[in-house]
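Asks: Going down the list, the protein sequences come from chains C, P, Z and R. The first sequence maps to residues 570 to 997 in the numbering used here. The second sequence maps to residues 570 to 997 in the numbering used here. The third sequence maps to residues 570 to 997 in the numbering used here. The fourth sequence maps to residues 570 to 997 in the numbering used here.
Treat the hints as calculated values from the structure; they're not laboratory data. None of the values given here were measured: they were computed from a predicted structure. Zero decoy hints are in this set.
Note that identical chains are pooled: a pair holds if it fits in a single copy or bridges any two copies.
Here are the simulated lysine-lysine pairs, DSS-like style, with alpha carbons at most 25 Å apart:
1) Lys849 with Lys989
2) Lys794 with Lys758
3) Lys989 with Lys801
4) Lys705 with Lys849
5) Lys794 with Lys849
6) Lys849 with Lys801
7) Lys599 with Lys705
8) Lys612 with Lys599
9) Lys801 with Lys758
Number of protein chains: 4
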Amino acid sequence: MAGDGEHQNNTGTPARVGTGRDEQAQVLAKLRSGTLKLYELEKSLAPLDAVQVRREFIESETNTSLEHIGAFSIDIGRVVERNCENMIGAVQVPVGVAGPVLVNGEYAHGEFWLPLATTEGALVASVNRGCSAIGKAGGADVRILHDGMTRAPVFAVESIVHAKQVVDWVETHRETLAGVAQGTTSHGKLTGIVPYVAGTNVFIRLEFDTKDAMGMNMVTIASAKIADEIAKETGARLVALSGNMCTDKKPAAINGIMGRGRSTVAGVALSHDLITRVFKTDAATMVEVNTRKNLVGSARAGAMGFNAHAANVVAAMFIACGQDAAHAIDGATCMTTIDLTPTGVYVAVTLPSLPVGTVGGGTGVGTQQECLKMLGVAGGGDPPGANARKLAEIIATGVLAGELSLVGALAAQHLARAHKELGRGEKR
Amino acid sequence: MAGDGEHQNNTGTPARVGTGRDEQAQVLAKLRSGTLKLYELEKSLAPLDAVQVRREFIESETNTSLEHIGAFSIDIGRVVERNCENMIGAVQVPVGVAGPVLVNGEYAHGEFWLPLATTEGALVASVNRGCSAIGKAGGADVRILHDGMTRAPVFAVESIVHAKQVVDWVETHRETLAGVAQGTTSHGKLTGIVPYVAGTNVFIRLEFDTKDAMGMNMVTIASAKIADEIAKETGARLVALSGNMCTDKKPAAINGIMGRGRSTVAGVALSHDLITRVFKTDAATMVEVNTRKNLVGSARAGAMGFNAHAANVVAAMFIACGQDAAHAIDGATCMTTIDLTPTGVYVAVTLPSLPVGTVGGGTGVGTQQECLKMLGVAGGGDPPGANARKLAEIIATGVLAGELSLVGALAAQHLARAHKELGRGEKR
Amino acid sequence: MAGDGEHQNNTGTPARVGTGRDEQAQVLAKLRSGTLKLYELEKSLAPLDAVQVRREFIESETNTSLEHIGAFSIDIGRVVERNCENMIGAVQVPVGVAGPVLVNGEYAHGEFWLPLATTEGALVASVNRGCSAIGKAGGADVRILHDGMTRAPVFAVESIVHAKQVVDWVETHRETLAGVAQGTTSHGKLTGIVPYVAGTNVFIRLEFDTKDAMGMNMVTIASAKIADEIAKETGARLVALSGNMCTDKKPAAINGIMGRGRSTVAGVALSHDLITRVFKTDAATMVEVNTRKNLVGSARAGAMGFNAHAANVVAAMFIACGQDAAHAIDGATCMTTIDLTPTGVYVAVTLPSLPVGTVGGGTGVGTQQECLKMLGVAGGGDPPGANARKLAEIIATGVLAGELSLVGALAAQHLARAHKELGRGEKR
Amino acid sequence: MAGDGEHQNNTGTPARVGTGRDEQAQVLAKLRSGTLKLYELEKSLAPLDAVQVRREFIESETNTSLEHIGAFSIDIGRVVERNCENMIGAVQVPVGVAGPVLVNGEYAHGEFWLPLATTEGALVASVNRGCSAIGKAGGADVRILHDGMTRAPVFAVESIVHAKQVVDWVETHRETLAGVAQGTTSHGKLTGIVPYVAGTNVFIRLEFDTKDAMGMNMVTIASAKIADEIAKETGARLVALSGNMCTDKKPAAINGIMGRGRSTVAGVALSHDLITRVFKTDAATMVEVNTRKNLVGSARAGAMGFNAHAANVVAAMFIACGQDAAHAIDGATCMTTIDLTPTGVYVAVTLPSLPVGTVGGGTGVGTQQECLKMLGVAGGGDPPGANARKLAEIIATGVLAGELSLVGALAAQHLARAHKELGRGEKR
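Construct the entire structure; sequences and hints are all you get.
Replies: Take a look at the structure:
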């Protein structure tokens with residue numbers, strides 16, 4: 570990055586860029602005349618210059634000032650290669666902290682400050698209140714129930730007889746296919762092969778242990794090799810490396826049932842006293858709100874999420890921590906349960922398909938890496954996979970905090986209204 | 570950023586902050602001793618100072634440098650009030666541009682450069698290719714089919730007889746309830762009331778025209794008043810202002826069927842020649858990929874999205890444009906269809922629940938507002954609602970570009986493999 | 570039946586058939602040689618003879634005695650024309666009665682004996698116990714929340730612009746389409762038109778009040794005319810008169826959300842005392858079983874039914890009462906809720922899509938009509954529609970009885986085990 | 570029936586009953602006074618007499634003649650014990666035959682006449698046409714992809730930590746649990762154990778090979794023992810033996826993904842010539858109808874079935890063959906696919922959860938057994954399981970015939986309309 574040793578220059582001050590103003594003007598002229606493509610800038614310019622010229626071009630094309638977008642501090646050398654083509658700068662998403670939250674996981678132990686990148690007012694405050702309650706309750710239990718990233722190529726076959734032959738071949742050649750996968754990656758490991766048939770469509774859902782990576786890339790590369798082998802040996806035609814039974818970035822029952830990413834569950838027991846003090850409500854009302862809203866309401870709506878607002882926490886932590894934001898869709902398919910217990914309530918969140926990683930993707934971008942560092946999970950873990958699992962445990966705890974807080978708030982209002990109505994002598 | 574004195578100082582250089590170092594040290598000491606709460610900083614410090622002190626506190630607590638997170642340029646006066654509590658800085662999400670893409674909508678006309686905030690390599694390039702194809706095809710058709718933001722309070726009733734009475738009362742007092750809503754907002758307008766019953770649970774799904782706002786806030790305020798009125802008049806107990814039949818931030822069939830936000834559909838006709846030149850495949854193969862992957866695969870997976878990667882574009886544009894990132898979950902429940910036509914294919918994306926706005930929420934944050942300005946949709950439209958609808962049309966076109974490109978790429982690989990296999994004389 | 574010569578002879582005794590043995594032998598020979606088709610028998614033979622000859626042919630072809638299948642008593646003159654082609658006889662499905670059950674509906678008042686056609690041991694006994702509890706509780710409340718049978722033709726359009734045009738045309742020509750429907754039926758009445766778009770697919774969901782008929786036939790006839798009109802006026806191509814958004818005989822969220830058939834809800838309040846005496850359990854345990862099994866379990870399974878065994882009662886009463894047995898799929902998408910109340914529990918079943926009728930279809934078959942008569946709902950009601958709605962109310966009450974009984978039984982076992990474990994001093 | 574002395578007397582003629590008229594009158598009086606319960610009749614009377622007295626009682630209570638319901642021929646000795654309590658007689662469901670249909674399965678080979686018990690006019694004729702097409706095409710391919718009946722008890726645990734302990738215990742004690750199952754049944758065999766967690770709810774989905782039985786009974790008995798063992802060893806509380814993740818008689822994604830009963834797929838290739846001759850349409854139109862209706866329409870409706878009318882055939886064959894009619898819900902969750910091929914189309918139906926048996930349940934009832942005999946599958950197979958699988962293959966072929974026929978009919982109409990419109994020179 571860019572010449573001055575402190576920050577790179579992002580504001581267009583000529584002195585700090587590696588390319589002269591004249592040269593940039595020539596490039597801009599070429600862009601405008603169409604003799605140079607916008608994505609070709611990095612071929613002839615240093616990353617920072619390319620981004621600046623591109624931004625200026627867009628400013629001129631759209632007659633807009635992109636001053637703030639240009640005011641980034643992150644080192645973009647790797648970003649333009651790995652994370653973002655045609656880069657013009659960065660958006661700044663405000664980060665608030667909630668916590669500390671006490672986590673009793675198998676990978677995450679102790680207190681953590683949760684970074685939440687969001688523009689939705691009240692979200693951080695809400696999660697913060699949940700974190701406080703969790704702390705008072707002695708911490709959240711968290712467990713990872715399953716861990717595996719998947720890809721499911723789809724093949725076209727000639728007939729359902731052929732479909733059965735392909736399935737049979739796959740089921741009797743698991744070792745062969747594991748060997749094929751092994752050749753493509755030193756990090757990932759093939760852990761599951763499940764075939765599905767729909768008429769002449771055969772889907773082979775491949776599952777891998779991807780250690781600290783979210784892993785879609787390594788999984789896709791390994792799956793391509795496996796798919797080629799299957800095609801070659803069975804005569805099935807590979808139609809698409811992703812056949813949507815993976816299922817990536819679409820809410821899908823298969824992910825809930827088979828698990829995908831880090832299947833994580835978190836829970837906490839709240840005493841009657843704590844419920845009264847922190848949430849100004851009572852156990853029965855919390856249970857009622859959860860049942861009528863999160864269970865009955867979601868069921869009646871034909872929803873695939875049985876929670877209050879898990880998506881808010883998942884999205885905010887994913888953006889902060891350099892996760893793939895589109896994966897919030899998979900990650901947020903959460904079920905929140907609240908049981909009445911002799912001593913209060915037990916609240917739990919179940920996240921069957923939370924795809925997270927601490928290496929690769931956006932985890933290396935400057936600001937995102939700082940968030941991961943705040944959580945002590947930047948980079949690869951020891952043993953491999955430990956960091957990604959720790960991150961999953963922390964995010965699940967954040968989701969639990971958010972659920973606690975919102976359900977608690979709704980219950981408090983409900984209880985308050987009920988008291989008020991009773992006070993007014995109204996029949997309910 | 571840095572160095573021009575116009576922006577706030579975010580990099581921790583002492584001289585530029587409004588509060589003295591001593592004062593900050595005292596505050597830090599109070600935080601550490603617990604006599605001051607982290608969220609109370611804004612009460613005694615200017616926003617920028619509060620954020621800096623809080624960040625320093627977190628740096629010290631987590632033993633982490635948060636230099637980049639502190640290096641923001643956006644004006645945070647409003648942000649700390651409206652968008653993010655306990656702010657410590659911002660994450661920088663790289664923004665690439667795709668386009669220009671030619672849009673033939675009812676609100677968006679002409680060429681647009683799409684800002685995509687993402688760390689997923691290849692995404693911008695992929696969307697870019699789709700935009701190019703759309704341009705060569707004469708532009709994408711886009712239409713908004715329905716427009717309404719919803720909230721569905723859940724009430725507890727005594728019996729199913731009571732449930733029917735509540736439903737009947739609501740259905741005969743639509744005017745009354747519209748009047749109640751009118752009193753709470755000058756912008757929103759109640760446009761629909763649909764009751765649902767599940768045993769002793771009554772859900773009243775309220776729909777509003779929210780003009781240029783995404784609108785959850787105004788809708789929630791109006792719904793609270795309406796819910797109180799219903800409770801008062803019918804004796805139903807209001808359990809939660811959101812009963813999950815809204816459905817907000819959970820994938821839900823009700824949103825697909827009733828619509829939510831801006832229900833938008835976009836399509837484009839590609840000629841055989843264009844398919845060959847741009848995508849290196851043919852019409853039949855594109856149809857086959859779409860059918861086997863997006864229709865059959867998703868159906869077989871029990872998925873609620875019938876698309877290739879709509880979530881990528883929705884999430885990237887939502888983050889860039891200051892939309893609620895958790896709404897990507899609603900927005901991405903897209904269906905992609907590809908028809909074989911006499912001249913090639915017609916590709917369409919249907920997004921029944923795309924919740925977007927150009928005022929409120931994160932739209933006022935500096936970098937996000939610049940992205941909205943790039944699209945010519947920052948702030949309120951003329952007439953009101955026109956900007957938000959224009960944004961929805963542009964995002965839908967971006968999704969179309971992404972789908973075109975990925976399906977095209979899969980089809981090209983499929984076709985290439987098929988040719989290769991034929992070349993080897995293999996039976997398929 | 571039975572020796573009087575007035576009814577058809579079903580037992581194969583030659584003397585009683587209208588056709589001579591020789592003639593039958595000739596016909597059989599033609600069938601075997603292929604010069605006569607099996608379905609052509611009714612053209613040359615009286616219904617009873619045709620059925621007998623066909624049965625003999627099948628007996629000979631399959632080397633099986635079909636003595637019992639031939640031993641029917643129902644008058645088959647209309648059956649062979651309206652209900653069943655290529656008839657060879659009838660299967661006898663055992664009918665048990667449960668009840669009487671006390672119904673407090675808007676159409677059904679008083680006690681009813683429920684006919685259940687089933688071969689599943691314990692089902693009738695289970696429903697019977699539920700009926701008894703309902704009686705002791707003062708009867709079940711039942712209400713119909715919505716009533717309408719639907720058909721949704723699917724049209725292909727040229728583009729999404731065309732799709733919007735079709736939708737707009739339909740929405741501005743509701744009166745025209747209602748007039749078209751009117752011309753096809755004196756019984757049914759068009760009550761709703763809702764368009765849906767998925768790319769170039771336009772679905773027009775037409776809803777009708779079908780009075781006492783289940784109504785698919787009249788609805789289909791009227792829909793055909795309407796679809797032709799839409800095609801003629803808009804240039805949309807009608808692809809299929811049923812486009813699966815109806816949705817008929819497939820479990821579908823749209824039916825839960827929009828309603829289909831008779832949307833019915835039934836509930837009953839059980840006192841603590843009654844729960845103890847009849848079900849040997851307690852209120853909290855019933856609530857727990859319902860929550861963990863019917864709400865959480867179904868949600869976790871990705872199920873579209875949130876009940877214990879509604880399908881058993883719906884199927885058994887449908888078969889007994891001459892309803893379309895395949896409609897049990899629609900009818901059984903039931904949600905069971907159990908609330909803890911100050912006095913015990915309130916149990917309710919919600920059946921959003923219960924398609925039933927008392928005229929047409931199988932309702933005229935001898936045995937089935939007797940079952941309808943048992944319930945006082947055979948034939949058309951006064952006013953029209955009253956009988957079908959009464960039947961819906963009774964069936965919903967039967968479902969409630971079944972749910973009560975099974976959940977009660979599970980709760981009793983659960984409670985017993987808990988006591989036993991406590992008795993053994995086991996930690997739970 | 571009637572007049573030969575061999576069958577039981579069902580028509581109320583006094584001379585033939587085993588109990589005197591006086592005695593019956595006394596019993597009736599007791600029933601009316603309430604001193605005798607309706608279900609107690611079999612304790613003091615022979616089955617036939619008990620049924621007759623009960624029917625007379627109901628006739629008198631409902632003021633209805635139940636002549637036809639009383640006119641059954643089946644031997645009810647076992648029926649009243651095993652299939653139906655409180656029996657009053659039987660309904661007669663007309664049976665038509667379709668076929669013969671040529672099946673190329675692994676268990677079913679050759680031609681079969683399909684018995685369909687239905688009152689829905691045109692159904693048998695429709696299936697018949699499909700059978701004819703299948704025959705002309707050389708028969709239907711059928712394969713069973715998975716075979717296992719399931720039960721999933723739900724346990725309550727104290728915390729998510731406890732949940733993980735239970736899961737771990739189960740996964741490390743598979744042999745123990747298999748041994749427990751073995752002790753309860755000589756027929757069934759435990760073949761799978763899959764644990765699922767939702768907060769404090771632990772579901773253990775147990776899968777069994779049930780040979781020729783549909784198997785719910787043996788599975789439930791074995792599951793009860795296993796559940797007790799789990800509860801004893803882990804401290805988990807067994808809440809319900811069926812926790813709805815089985816999933817029985819509710820449409821559920823888990824059954825599609827994991828399979829339940831006999832997961833069966835059937836397909837057939839139709840040549841262009843055959844499509845023209847039998848269906849009066851063409852290949853492209855069949856594909857279009859299937860895509861727009863069965864794939865896009867069902868997806869847009871949030872449906873769990875992607876077929877035209879699989880439920881009709883499943884329900885009709887289930888009723889004819891003594892299957893549990895409520896299982897039509899599980900059985901009918903079918904996906905129909907139609908591929909364009911160089912020579913025409915390949916049509917396939919995929920039925921992932923078809924629960925059928927040839928022993929137990931209603932398979933022993935006289936008429937139903939005759940239907941099973943027609944198909945050569947009555948009783949246990951050789952090897953065990955072969956008959957039930959053969960039945961599954963035949964039913965799947967019936968479903969295929971039904972789908973072919975209805976899609977073909979819709980396509981023919983579509984094509985005819987298209988031609989007509991073209992003939993009129995209309996713009997489409």
